[in-house]
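K.L.:
Could you put together the complete structure from these sequences and hints?
Listed below, chain by chain, are the residues.
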Amino acid sequence: MANAHSSDTAHHDDHHDEPAKGIKRWLFATNHKDIGTMYLVFSLIMFFIGGAMAMVIRAELFQPGLQLVDPVFFNQMTTNHALIMIFGAVMPAFVGLANWMIPLQIGAPDMALPRMNNFSFWILPFAFTLLLSTLFVPGGMAAGGWTLYPPLSLQTGDSFPMLIFAIHMMGISSIMGAINVIVTIMNMRAPGMNLLKMPLFTWSWLITAYLLIAVMPVLAGAVTMLLTDHFFKTSFFNAAGGGDPVMFEHIFWFFGHPEVYIMILPAFGIISEILPTFSRKPLFGATSMIYAIASIAFLSFIVWGHHMFADGMPVAAQLFYMMSTMLIAVPTGVKVFNWTATMWRGSLSFEPPMLFAIAFLFLFSIGGFSGLMLAIVPADFQYNQTYFVVAHFHYVLVPGAIFGIMAGVYYWLPKWTGHMYSMGLAKTHFWLSAIFVNVLFFPQHFLGLAGMPRRIPDYAVQFTDWNMVSSIGGFAFGLSQILFAVVIIQCARGGKKATAVVWEGTHPTGLEWTLPSPAPYHSFTTAPEVR
Amino acid sequence: MDPLDPKKRANRKLVRALAVMTAGSFAFGWALVPLYDVLCRAAGIGNAEAKAGKSVVAEAIDPNREVTIEFLAQPASVGSFDFRPKVASMRIHPGKLYSAEFFAKNLTQQASVAQAVPSISPSGTAKYFHKTECFCFSPQKFAAGEGRDMPVRFIVDPGLPSNVDKLTLAYTFYDATQSATPR
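In order, the protein sequence lines correspond to chains B and U. So in the working numbering, spot 313 of the first sequence is number 313, and the numbers just go up one at a time. Whatever position you read off the second sequence (first residue = 1), add 1000 for the working numbering.
Take the hints with a grain of salt, since some may be wrong.
Reference listing, derived: stretches of chain B covered by chain U, where coverage requires no fewer than 3 residues with Cβ under 8 Å from a Cβ of chain U [stated by the list, open to error]:
1. 210 to 221
2. 236 to 245
Only pairs whose alpha carbons sit at most 20 Å apart, straight line, appear in this in silico SDA-like list of lysine to any residue [unchecked claim]:
3. U/Lys-1007 with B/Pro-114
4. U/Lys-1096 with U/Ile-1069
5. U/Lys-1141 with B/Ser-235
Not everything, but these chain B residues come out facing chain U in the computed CB check (under 10 Å) [claimed, not checked]:
6. Met-188
7. Phe-254
8. Met-308
9. Gly-312
10. Met-323
What the hints contain is simulated information worked out from the structure, not anything from laboratory work. Fair warning: this is a prediction, and the values are worked out from it, not measured in the lab. Note that CB positions come from ideal geometry on N, CA and C, so glycine has one too.
P.N.:
Structure (C-alpha cells):
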C-alpha cells in the first residue's frame, strides 16, 4: 500500500496496476470500484437480513391472534426491519452505485477522497453489528418504531445507547460519503464535461449528497437529545421538565422527509439512464429533469409537518403543509411525463433493466397517488397509523427505490463483471418480483382503508383474508430475491463476454460505455476529452 | 501530497466548505429547540404563555360577556397519582380574577414530586389565558399517600376573540421524582 510519509509525488496512486492480494485488497481498499463492490455486497446482505425480519412480521400476520412471536418481539422486528432496510440496504446500495458509476460517468480516475471513502464504508459493518447485537442484550432490540418517538423510545432497555451510537455511525458514514460525492463531481469531471452534459444519475446524486449533508446532522442532534434525556436528566422531550415530545417529531421529520427523497432521487437518476437506452431515444426534457429533481429537493425541506397532522397543529400550519406537499406532485409529474414521453414512439426492447424501469414508473406512480391522498389533512386523520400508510411507503420504497437499485444493477452489472448475466433468470426474477410485490402490498391499501392499525401483531378477524394474501405475496417476493443473488453470483463468475457498449442503443451522456467491459481496475488515468 | 497541486488544493477547499455546512446543519438541529419555543409562543400554542412568565394585572371587567372554562386533569401514567379538578367547569367574565382548585393524591408509598403541564385549547387562545398563580409553576412535593387541593388563579383577557365562548384548561400530571432538581 502507498505509504503516506514517503510519497511526495502526486502520482503515488498510480503505482499499483493490479489489486492487492487477499483480505488487504478489501480492508485497505481505496479503489472506487472495490469500495463500490463492498457497499453493494453489504447492502445485499442487509437486504436479506431486513427481509428475514419482514418474513417474521408477515408470518405472524398470516392469521389473527398470536401464533409465532410475542408482541414485544414483533415490535422489535418492525422497528429494526425499517432501520436496516433504510440505513443498511437502500442507502448503502445507492452509495455503492455512486462509487462505481460516478467516476466512470464523468471520466474521473477515482473518487476525490479515496481514504475517506474507505473509512465511510468500513464504519458500516461496525454500525450494523452493533445494531444487530442488540438482539442479545437484556430488553432486546429497540421496539418503539424506527421513528424513535419519545417517551416510548426512552423506555428501550439496555440496547438504547447501542442503537443511538449505531445511528451516529451510520450518519457519519453517509455524511462522509456525501462529501466525497460532491467533491468528486465538482472537481474531478473530465475536460468538457460541463454540468449540463453530466449524466442524470450523477446529477441526481449531486443533489442527494447535498440533502444528506443538510439533514443527517439534524438526525444526529435529535438522537443525541434522546440520549441526554435518557441518561443525563435533560428535558428536551420530557414534559415534566418543561420539554415537549412533539418537538422531537418536528426535528425528526425535518430530517425524515428529505431522507425519503435521499432514498428515491438516485433511483430517478438510474431510471433516466435506462429508459433512453432501451427506447433508443434521448431522454425527453433532460434539462427539465434536473430542475425537477432540484425542486423536489427544495420542497422536501418544507413539508415535514404532513407526518404529524394528527398530533395537533394550528389550522394554518395544516393548510401550509398540505399545500406544499401536494405541490411536490408537480415536479414529480414532470418527471413521470418525461419518462413516458421518452418511451413514446421509441424502439423499445425489454431487457431486465428496462423491465424494472417500466415497473418502477408504473408502481412508483401508484405510491405517489396514495401519497397525495395522505397529504389531504381530513383524509389523513382517517388513514393515519393504518396499513394504508404502510402500503403507501412500501410502494414508493420497494417498487420505487429497490426496483430502481435492481434496475441499475442489471444495467451496469456487465460493465462491472465483463460478463452478460442470464437474461432468462433475470427476467424470471423480474416477473416474480413485479407480480408478488403487488400481491404483497396492494391488499394493504384495503386493510388500511378498513381500519387495520399498523405495528400491531394481532388484528380483528375481518382482516384475515387480505392479510393472508399479503403474507403469501410476502413469502413469494422474499424467496424470489434469492434469484437476484444467484444471477449476480453467476455473472461475477463467468458468462458470455460483454461488449464495451453492453446494450445496443443510444448512450448519450455517460462515459462508462467508452470503457471496455469489465471496466479496468484503474480507468481514465488520463482524462478523456468530452465534446 | 504536493501542497501546490491545484487539484488537491481545490479538493481541500471544497471539503472544508462542506464540513462547515455539515457543522451548520448540526447546529441548526439544536437551534430548532429554542426556535420551537419561539414559534409556539408566537402561535399561542400549549404552555407557551406560562413559559413567558408575563405579569398580569386585573383589567376592565366585561360584565356583559360570559365565557365557559372547562377543566381537565389527567396523570401522565396510571398508578402514581390521583389527579382531578374540583369542579368540571366555570362560567366567568373576562377581565375578572378567578380561582379554581385541583385535587392531587400520591398513590405510592414513597415521597414523590409531580409537575403539572398545562395546555389551553382551542389552539391560539393560550395568550389570552393569564395565570397569576398556579401549582404548575413549580414541582409539587407529596409525602407518601398525601393528598391536597392546589389552586390556580387566572384572568381571561377581555381581548379574547369574540367567536370563542369556551376555553379548556387541561393539565397533565407528570411524575418528576426522577428528574426533580432544584431549579
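K.L.:
Next step is simple, just say for each hint if it's right about the structure.
P.N.:
Here is what the structure says about each hint:
1. 210 to 221: Satisfied; 9 residues make the cut.
2. 236 to 245: holds (count 7)
3. U/Lys-1007 with B/Pro-114: holds, 14 Å
4. U/Lys-1096 with U/Ile-1069: Status holds; Cα separation ~13 Å.
5. U/Lys-1141 with B/Ser-235: It holds: about 19 Å lies between the C-alpha atoms, which stays within 20 Å.
6. Met-188: With Cβ-Cβ at 8 Å, under 10 Å, it holds.
7. Phe-254: holds, 7 Å
8. Met-308: violated, 13 Å
9. Gly-312: With a minimum Cβ separation of about 7 Å from chain U (threshold 10 Å), the hint on B/Gly-312 holds.
10. Met-323: violated, 18 Å
Of the hints listed earlier, those the structure fails to meet are numbers 8 and 10, in rising order.
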